[in-house]
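Engineer: Chain by chain, the residues:
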Amino acid sequence: MIRRGLAGFVVVFAVLAALPFVREEIGLPVFYLTLASTVLFWIAQATSWNILSGYSGYFSFGQGAFVGLGAYTTAVLTGRRGVDFFWTLPISAALGVILALAVGALAFRLRSFRGEIFALLTLAVPFILASLARVNEGIDGGQGVVVSIPEFPEQIGLFPDFLFLLNLTIATAAVAAAFAIQNSRFGWALASIRDAEDVAEGLGVATYRYKMMAIAVNGLIGSVSGSVFALQIGFVTVEGVFGLAIPLFVIVMSVLGGRSHWLGPVIGAVVIVTMQDRLADAGYEGWRLIILGAILAILVVVAPEGLQVRLQQRPWISLGAFAGVVGVLAVLRVWGEPLDWFAAGMVAAAVAALWPARRRRAVPAGAAHARAAPVETSTESLSIERPRPVLGDVVVEIDEVARLFGGVRALDGVTVGIRAGELVGLVGPNGSGKTTLVNLLSGAIAPTRGRIVVGGQDIRGLQPHRVAHIGVTRTYQIPRPFDSMTVLDNVAMAIMFGRESRSLVDARRAAGRQLDLVGLGHRGDAKPAEINLHERQLLEMARAVAAGPTVLLLDEALAGLNPVEIDQAVRVVRRIHDAGITIVIVEHLLRVVNQLATRVVVLDRGSVLADGEPQAVMRNPEVVRAYLGKHAHA
Amino acid sequence: MSTVQAILSGALIGGMFAVMAVGLSLTWGMLRIINLAHFGMILLGAYLTFQIATSWGIDPLLTLVVTVPLMFVLGALLQWAFDRFGVAELNSLLVSFGILIIVIQTVSNVWSADFQRMTGEVNPYATGSLSLGRLVFPAPTLLAFGTAVVLVGAAHVVLQRTFAGRALRAFEQDRSVASAFGIDHRRLSMVLAGASGATAAVAGMLFALSNALTPSTPFEWFGIVFAVVILGGIGQILGTLVAGVLVGTLSALVSVLWSPSLAPFVLFSAIILALLFRPQGLFTQGAAR
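Same order as they appear, the protein sequences are chains V and C. In case it helps, the working numbering puts the first sequence at residues 1 to 634. In case it helps, the working numbering puts the second sequence at residues 1001 to 1289.
Chain V on its own, in the form it takes in the complex:
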C-alpha cells in the first residue's frame, strides 16, 4: 500500500517537473509557474504543520518560527557569508530540527500539558526569534536582508522555473512523507494521541517519543521550505517571516482541507492560494483577510472535519459543480480568464461539498442490531463453582506505598502482594484510594514513598507505556475509546503497540480474535460512537487485554450496567482470567466481587483494612463497619 502510493508520488512529480521544460511548447505563461510555486510553498508548509498539529492534535501557532529560521539561514549564509545556496538547505534543515526538538522538549515534558497551553507556547517562539533577529546585527539588525539569486543549472530556463522545481521537490517530499506517516505505525500513534493521549500511553504507545518525532518532521520541512521562501521573496524581513500571517495561512488551509488526512492541507492550500491570487488580481485586496478569517471561523463550526472528508462523501456532486461552473464560464466567455474560471469552479465544488445535508441519520445500523442480537453466545453457566486456579509467584509487589496529593493522604503504608493467577477484588468506600492505587500500578502517577515491583522490575518513575510493556494495562471507569478508529482498529492499536510490537496487518488479524473473546466480534467495523455503554466497556477490556498484559487492572468496569449486562461482563472477566491473566478489579457491587474474586482487599481511608478470602473478609466486623457505618453490626 505504502509502496504503491509512493510510486504514485514519483509519477506526479515527474509529470509536474516536466512543465518548465515544455512550457513554451504548450504555451503556458511563466506566470502560471510562479503561482504554482506559491501554491507548492504553502502545500509544503501546511503539510508540515499538519503532521504535528493535524495528526497529533497539538495545535501550533509557531509555524513562522521554522519558516523564519530557514529564510534567515539562507539569506544570511548566501548574502553575507558567500555560502552556496544548496549548502544552506541541509544547514537550515538541521537548525529546524534542533529548534523543533528544543521546543518539543520544553512543551511535551509535562504530561498534563493541555493543548491550548501548547498553542500559546508555540505562539511565543516566533516572537522570541524575531526579537533576537532584530537585535543581532549579524542576522538582521532591523534592516532586512536582501537575498541574491543563486546560480542554477543552465538547462533550467528562467529563475521562476528554478523556483518552481525547488518548491515542487520539497512539496512532493512533504506530502509523500505525510502519506507515509499516516499509513504507518507513526501515524497510528499520532492519531491515538489526538483521540486519547493517556489511554494511548497506558496501552504502550511511547507518546513523548512520537510527539517529538512529529515536531521534528514539522521543523525539518518547515525550515527547508523556508529557505526556498527566502529566494522567492528576495528580501527577508522580521515581520514578513515571523509574523502571524504564516500560522494563519497554514491553519486556515489545513482546517479547510481537513486535518486527519494527508490530502487535506494540499486541497486547502490549492483553494486558498488560488482564491487569494484571484481576489488580489480583481482589486479586492482589502477583502482577502476578511474572507480568510470568515472561512476559518465558519468552517471550524460547520465542517470541522474539512473538505477532504466531505469531497469523499459527495465526489460526483462536487465534480459536477466544478465542471458545470467552469464549463458555463468557458462557453459564455463574458467574465475573466481561465484561471478565474478555475477558481470559481473550485469555490463551487467546495460549497457543494460543504453544503449542510438534511440529516437523514436514522438510528445507526449498529444500535438497533445490538439490541436484537444476543451479545453473548457462550453457554458457560454463571453459577458453576470453578476449580481454584493454581497460584504462581508474586507478580505485583506493593511495598509500604504512600501517595500524597498536596496535604491529602490518598494512600499510606499500603503493602499488598499479588500472585500470578489471582483475581483480586479491590473494594472500599468512596475516597478510600482504590483509583489512586490503580493509577500507581499503571504508572500514571508515581508513589510519594514506597516501592512497586512488577515481574521483578521496579516501576517507580517509569513512563506508563514502559509499565504497559512490562505487563500492566488498565481500563477506565468511563470508557475512553479512540473515537476516530473503528472498534477493530481500537483493539489493533493495542496489539500493535503492546508488549510485542506487531505490524498493522498482523494486529488487525489478531484483533478479531480479541473481540470474539469479549463477544464483540460482530461490531468490529462500527465506530465507538455507534455502540452502547455496555459494548464500550467490553471494548475497553478487549483493548486492555490486547496489549498483552500479565496483570489487568479493571477500574469499575461494570459501572452503570443493568443486571443482564453485568452477568455478561462477569463472564467476560472470567474468560480473561481463564486465559491466564492476573486481574485486579475495582468494584462497588459486592455481589460481583463475591462471585468473581479469589481474594478481596479492602481499602479504607488510604490503608488496607482487610485482605483475604472473599467470604472471610465480608464477615470481618471492621469491614462491615467501614461500609455500613459504626453501629450497623451491633
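No lab work stands behind these hints: they were computed from the structure. Since the structure is predicted, the reported quantities are computational estimates derived from the model, not experimental observations. Some hints here could point you the wrong way.
Quick list of simulated restraints, FRET-style, between CB atoms [claimed, not checked]:
#, chain 1, residue 1, chain 2, residue 2, range
1, C, Gln1005, V, Arg209, 45 to 53 Å
2, V, Ser148, C, Gly1146, 49 to 57 Å
3, V, Ile156, C, Leu1077, 49 to 57 Å
4, C, Leu1077, V, Val328, 36 to 44 Å
5, C, Asn1211, V, Leu106, 31 to 39 Å
Beta carbons are placed, not taken as given, at the ideal position from N, Cα and C, and that holds for glycine.
Once you have looked at the hints, place chain C on chain V.
Structural biologist: Quick look at chain C alone, frame taken from chain V:
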C-alpha cells in the same frame, strides 16, 4: 535615576495591560473560551474613541458612554454565538482568531493602515503629567493604572460578594452541578462576556490616549497580554493586576538596561518558564485541581 523612573513608569503602564488582560482571563477561566477576538474589541474601542473624540470634539473619557455599551453588546452576542454553536477551548481559539483577522482588516479598510492619533486639542491628557521631585508620570499612564485598580477591585468584589459572582464561580468549578442547582448559565455567560467586552472598550480608550493607532497593533499586545493572563493565573483577576505590574516593570527594565527589542525575548522566556514550572499561575495557591 532613569532606572527608577523606568521601573515606576513600567509598573504604571502595566496597569493598562492588566485592563486588557482582565476580560480575556475571565472568559478563559470561567467560560473556557480563549477569546482572541477580545483583542479585536480593544482595537475597535481604541479606534472608536479616536473617531468619536475627533469628530464630535468631546473629551476622550466621555466616549466610554458610547463604546462601553456597544462592546458589552458585542461581547454578549459573541458569547451567544459561541454557546449556540458549541464552540469552546481550542475551537474557540481558532474561531476567534478568524474573527480577529476580520476585525483587523475591517478596521484597516475603514481607517486605513496609517497611524492615527488624537490631536492635542481633543486629547488634553496626552500632554499632562504629574511631577514628584525628579520623577515624571504622564497623565495617561496614571489614568490607566487608576482604572486598572478600580476595575480589578470592583470585579473582585462582584465575584466574591454578589450572587452572580458566586454563581459564576460555582459554574467554573463544576458546570453540571451548578446547572442542576438552577444557575442559568446562558444568561450568566452572556453577562460575563458582555462585561469583559466592556473592559475591552475601556482598555481601547486607555490605549488611544497615549498611543498612535494602526490596525496591526493587536499582534503587539498578544505576547504581553497573554503573559499577564498566564502569569496572573487564568481566571484570577487580582493576579492579573499583579502580573500586569510585574510584566510592565520587567519590560521597562529590560528596555532601559539592554534594548527595547530584547523586551519581548525576556518576556516570552518568562512566560515559558512560568508555563513549565507554575502552569496554574504565579500567585495561585496549591495545584489547579
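Engineer: Now tell me, hint by hint, if it's right for this structure.
Structural biologist: For each hint, the structure was consulted:
With their beta carbons about 51 Å apart, glutamine 1005 (chain C) and arginine 209 (chain V) fall inside the hinted range of 45 to 53 Å. For serine 148 (chain V) paired with glycine 1146 (chain C), a C-beta distance near 55 Å keeps the hint of 49 to 57 Å intact. In this structure the supplied range 49 to 57 Å holds for isoleucine 156 (chain V) paired with leucine 1077 (chain C), their Cβ-Cβ distance being about 55 Å. At roughly 39 Å, the beta-carbon separation of leucine 1077 (chain C) and valine 328 (chain V) lies within the given 36 to 44 Å, and the hint holds.
For the hinted restraint 31 to 39 Å between asparagine 1211 (chain C) and leucine 106 (chain V), the CB-CB distance of approximately 33 Å keeps it satisfied.
The structure shown violates none of the earlier numbered hints.
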